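Please build the complex by placing chain B on the supplied structure of chain A, with the hints as guidance.
What follows is the residue order along each chain.
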Amino acid sequence: MDSQVERRAPCVVACPVHTNNQVYVERIVEGRYEDALDLLLIANPFSSVCGRICHHPCEQSCRRRKVDAPVGLRQLKRFVVETTKEYRLRRRGLAERTRPERIAVIGSGPAGLSAAHDLARAGFCVTVFDASNTPGGMLGAAIPRYRLPYSVLREDIDDILALGVELQAGCAVGRDVAFADLQRGFEAILIATGLSESRSLGVPGIDSRGVLLALPLLRATCAGEPPAVGERVAVIGGGNVAIDVARCARRLGASDVTVISLESREEMPAWDWEIQEALEEGVKFAPSWGPKQVLSENGAVTGIELKRCVRVFDDAGKFTPQFDDSEMTTIDVDSVVLAIGQRADLSCLKGSRVAIGPGERLEYDAETMLTSERGVFACGEVVTGPGAAVEAVAEGHRAARAIQHFLDTGDPLKQPPKDDLPSLGDLPEQTIERIRQRARIEVPLAPAEARTRDFSEIERGFAEDEARAEAQRCLACTTGAFVDEDRCAACLTCVRICPFDVATVTKTAVMPEEKCQACGLCAAVCPAAAVALKRFGADRIQQDLQRLLGANANASSSPRIVAFCCLFETTSRRFLEENPHDVEQTGVARVLVPCVGRLSVPDMLAPFEMGADGVCVIACADGECMYPTAEERLGQRVDQVKQILDEIGLDGERIDLWRTKDSAEVSWTAFWEISKRKLAHVEAKQRGETP
Amino acid sequence: MIVAERKPLGEIKGFVEGYDRILVVGCGGCATVCLAGGETEVKIVGAALRIAARKEGREQTVLADCVTRQCEPEFVEAVIERVRQQDIDAVVSLGCGVGVNFLAERLGEVPVFPGLNTKFFGATTEPGMWVEMCAGCGNCVLQLTGGICPVARCSKSMLNGPCGGSSNGKCEISPDIDCGWALIIERMKRLGTLDRLLEITPPRDWSTSHHGGPRRVVRADLRELAAQAEETGATEKESTAA
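For the record, the sequence lines run as chains A and B.
Residue numbers for the first sequence follow the working numbering, so the first one is 1 and each next one is one higher.
Residue numbers for the second sequence follow the working numbering, so the first one is 692 and each next one is one higher.
Isolated chain B (complex conformation):
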């Protein structure tokens, strides 16, 4: 899941201080599961903003909402409608950064502020703890490293590790951080495939990652046919021109 955590409430309060009617919007997806932006956090942020406004003698209305996923047009449609109908003049999204973007693109002149700091793609390693495990680099090399990602779990994203900063299984950055390569080696030992590490992985093409610009994934079979036709037409025109 995408893991996030709430921004300090003072910061959120600062974003919306000049606005009269605010809507705090939670997300029922990853943000709920990592306990950062679900229905309950929406209540907390809403309450905190109301309490602060009351204390500071500001007239401010803070409303709350939570959608199934903030990254789907059908789900956010109701929010867009509500913002319009209820004269909302600022939105705080408790979705991940995707949710903030997605709402911002659709909300015209109404600003959307992030209520969360979006951290990483991770997993729950124990109740109340989430750890980064994937960097979304666009070209998985997990088959080479026993299923442990060198891009996400090595602080330097080295493809041939470990480096000299690895000590007793920990990364030089912090004793709280496991050395990703120490994990890889342990894992491959258990798999009996340690010898594969003798092969040097050549420098990779990072254009599949963010370095290649914003990415997109297309499933042609599910796209709207009109959009497909339009794009095909454009491509044909391009090739004719060439």
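In isolation and in its complexed conformation, chain A is listed as follows:
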């Protein structure tokens, strides 16, 4: 692997918008929730939505999954947006208009609005047209409210509109305004109309009363005007929409809901967790069956006849279902809902010259995102086919880049439909074995019987202590140790001390990034000071000390203590938020360190150099440190500092090592008090006073 290529954590690579996960999670750990929100919103203006319903490919590729379970990134994102609502309102504001060009976006789903967001921030004047009165596309119109309350979607949309994006809601292009008029009034047009129509099925009886299409049913349900579905419902389809329909049907009073899919249970495209939750809610599954005919009496549905599906895809992976007509079954139902796929509604193009190809598909270049007409772009599901919300956001970003380039240069911009970032890859086996397991914080859903009573949200977010505990599980991939080869003396100390067996020495030390766990033990003992950490290295400790002690250097208060405290023991922001007068009032300057095991002897001497009278190091609870050997090594280094202080006549009793009891909030204040009293005693002794 070329060491010059910057490899990214797999969670970042897997995320379609490449959310900088380790960094925002680190900000949560540091209690900087507002900074975490800033970071989230840069990558994803639909962060509220994705905190609820993202299919979280980040978690599926999290390197921690091989150790115990992935870090709960979706819930962490939700925690950030839920904790920073006031801040988010304050940061909301108009984007400065710096460009004369006007851009029309057709469709206010996540793709269209993400593009509008980026283009408005780039200084363009953006108008979004949507046939519906409620913006948000499928997110607002069809995703059931128990998964995504509309108010949550509005948080994202209102942010985007606040930039100055004009929304023409209830204005259908092609009906209320002609496409040609848009071409005259706007320098660029983005078609982001999604897949808004349900497909139907050509089997006998399909026109019977009680045969419904998925999207109209979901739309009506979201709008609070659900159709009657009866007691027994058959849902045809194996995707996520089918599951949404089935779970809605349970909430609409149907007692007997069956999802019928051509695919086997393993082949069903629906997310596995959605299927599990549906099962809990009493939804039944009939995989590997296909509809033969809808049975009816007096024009109303009475049942559905099914034939066995023996194969869905051919060897090339193409959808070519094959049936065994000798195996049939019949289910008695009151209604049948078709959730077998969606198609685009291209009526907005009526009267335009934008070319529509075979199969009612928009003609489109996947790299330039251009349609057949100059200045007319398309993005999102209308051209990519069905996808997840976060993929639509990524499409929006890509379209915004294409449009901006076009308006800057007059030329199309070629971008690969999917960017492939170099990935750090999975943890090596021998590293997995050395990482301490730590259980994932799971938030239980509401009990199934309560869930199916109405459309209330079924999942709660993390409480602060839960979010912090979960964020602390992040392995901080790619933020570990690196070596200054010019300084390295090849002394092998790092090789000998590393608890994860990361370092090797040939000519100089080498720290393979894919193995390093960023514990910092090597940097703490390197005699050549040749090892640094990408995050929270010695520089950071110096900066914190300067900030805390620099301003208070001449404060006359009684003995002052610098407390190096393990960040991983905090369950709230109580000790993480700095009050400028804190040090003066309490006599304690806190430096929060992600594992105090990384403190070097010079780190612990630095406060004394800056005028502190004592140092108090607070580590994890006994045996709780996530880095093997770190506690013992730290103890040895604290002893070294004691000896140095003794040698220069300062008294080694000026430094204490504590172990957190329960949590920071429970025990730290007491430790500080004891250290302060001890220090007063030492000072009295040194002045020759008898205590």
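None of these hints come from the bench; they were simulated from the model.
Note that this is a predicted model, so its numbers are computed, not measured.
Beta carbons: idealized from backbone N, C-alpha and C, even for Gly.
Any given hint could turn out to be false.
Interface residues of chain B toward chain A, partial, derived using beta-carbon atoms under 10 angstroms [what the hints assert, rightly or not]:
hint: 1; residue: 701
hint: 2; residue: 704
hint: 3; residue: 709
hint: 4; residue: 717
hint: 5; residue: 719
hint: 6; residue: 722
hint: 7; residue: 730
hint: 8; residue: 739
hint: 9; residue: 766
hint: 10; residue: 809
hint: 11; residue: 813
hint: 12; residue: 816
hint: 13; residue: 879
hint: 14; residue: 917
Under the rule of at most 20 angstroms between Cα atoms (straight-line distance), these lysine to aspartate or glutamate pairs were calculated in the DMTMM-like manner [stated by the list, open to error]:
hint: 15; chain 1: B; residue 1: 746; chain 2: A; residue 2: 647
hint: 16; chain 1: B; residue 1: 746; chain 2: A; residue 2: 683
hint: 17; chain 1: B; residue 1: 880; chain 2: B; residue 2: 869
hint: 18; chain 1: B; residue 1: 861; chain 2: A; residue 2: 459
hint: 19; chain 1: B; residue 1: 847; chain 2: A; residue 2: 651
hint: 20; chain 1: A; residue 1: 678; chain 2: A; residue 2: 653
hint: 21; chain 1: A; residue 1: 307; chain 2: A; residue 2: 345
hint: 22; chain 1: A; residue 1: 642; chain 2: B; residue 2: 747
hint: 23; chain 1: A; residue 1: 676; chain 2: A; residue 2: 584
hint: 24; chain 1: B; residue 1: 746; chain 2: A; residue 2: 459
hint: 25; chain 1: B; residue 1: 847; chain 2: A; residue 2: 609
hint: 26; chain 1: A; residue 1: 642; chain 2: A; residue 2: 665
hint: 27; chain 1: B; residue 1: 880; chain 2: A; residue 2: 683
hint: 28; chain 1: A; residue 1: 642; chain 2: B; residue 2: 696
hint: 29; chain 1: B; residue 1: 746; chain 2: A; residue 2: 613
hint: 30; chain 1: A; residue 1: 85; chain 2: A; residue 2: 459
hint: 31; chain 1: A; residue 1: 685; chain 2: B; residue 2: 921
This is chain B only, laid out in the frame that chain A set:
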């Protein structure tokens, strides 16, 4: 490598107490590898001196530096320059004794104090432990003793051992010290050459060791030609005079 360890900080502090501007200089060679005088130790000694000065109310500036090797003129040149330009009035060397000497010879009126106690030529036997293995006596006899040095590893540097003070493989000096001759015998047994010890090694000429005065090694092919010419000239003159 040359193995050293830091002097007690109180002692170092005592050396420099009367000076205002001090430079602590580390060495990136052996002193770094044995964790006694590298960049990190320079930071520690510097910090300790500053803390002590602050505590005692002394105005003292302590600066830090670390060179690749303190035993090479090209590497120490920058230190010499810095001492001159920054008005340093005392230097603490965290190199081995060689580094202290080498700097002292070049620093004119500025004193150089040792920050380390230089111990021996040794090897890392386990992480954090170094053991003496060579005495630099100038005439290796390792071919006679299975590669285990009787000069360095026998407390008496006996060439025909062991003595009566060897007990259960340990030296009478301390139970922590292996008897060098017990190691030699074990080793030669494994090599199948124990019978060679029947031959008595005669008393050796110790003039190759320090007993012969300070030594030097010359590689003529690498020396500066002018210096060589000068020396050759001097020798010729001597022989003519004779």
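Status of the hints after comparison with the structure:
no., hint, result
1, 701, "5 angstroms, holds"
2, 704, "6 angstroms, holds"
3, 709, "16 angstroms, violated"
4, 717, "9 angstroms, holds"
5, 719, "6 angstroms, holds"
6, 722, "9 angstroms, holds"
7, 730, "4 angstroms, holds"
8, 739, "5 angstroms, holds"
9, 766, "13 angstroms, violated"
10, 809, "16 angstroms, violated"
11, 813, "14 angstroms, violated"
12, 816, "12 angstroms, violated"
13, 879, "30 angstroms, violated"
14, 917, "33 angstroms, violated"
15, B/746 <-> A/647, "13 angstroms, holds"
16, B/746 <-> A/683, "11 angstroms, holds"
17, B/880 <-> B/869, "17 angstroms, holds"
18, B/861 <-> A/459, "71 angstroms, violated"
19, B/847 <-> A/651, "41 angstroms, violated"
20, A/678 <-> A/653, "8 angstroms, holds"
21, A/307 <-> A/345, "31 angstroms, violated"
22, A/642 <-> B/747, "18 angstroms, holds"
23, A/676 <-> A/584, "14 angstroms, holds"
24, B/746 <-> A/459, "58 angstroms, violated"
25, B/847 <-> A/609, "47 angstroms, violated"
26, A/642 <-> A/665, "27 angstroms, violated"
27, B/880 <-> A/683, "62 angstroms, violated"
28, A/642 <-> B/696, "18 angstroms, holds"
29, B/746 <-> A/613, "10 angstroms, holds"
30, A/85 <-> A/459, "19 angstroms, holds"
31, A/685 <-> B/921, "66 angstroms, violated"
In the structure shown, a violation is registered for the earlier hints numbered 3, 9, 10, 11, 12, 13, 14, 18, 19, 21, 24, 25, 26, 27 and 31, in ascending order.
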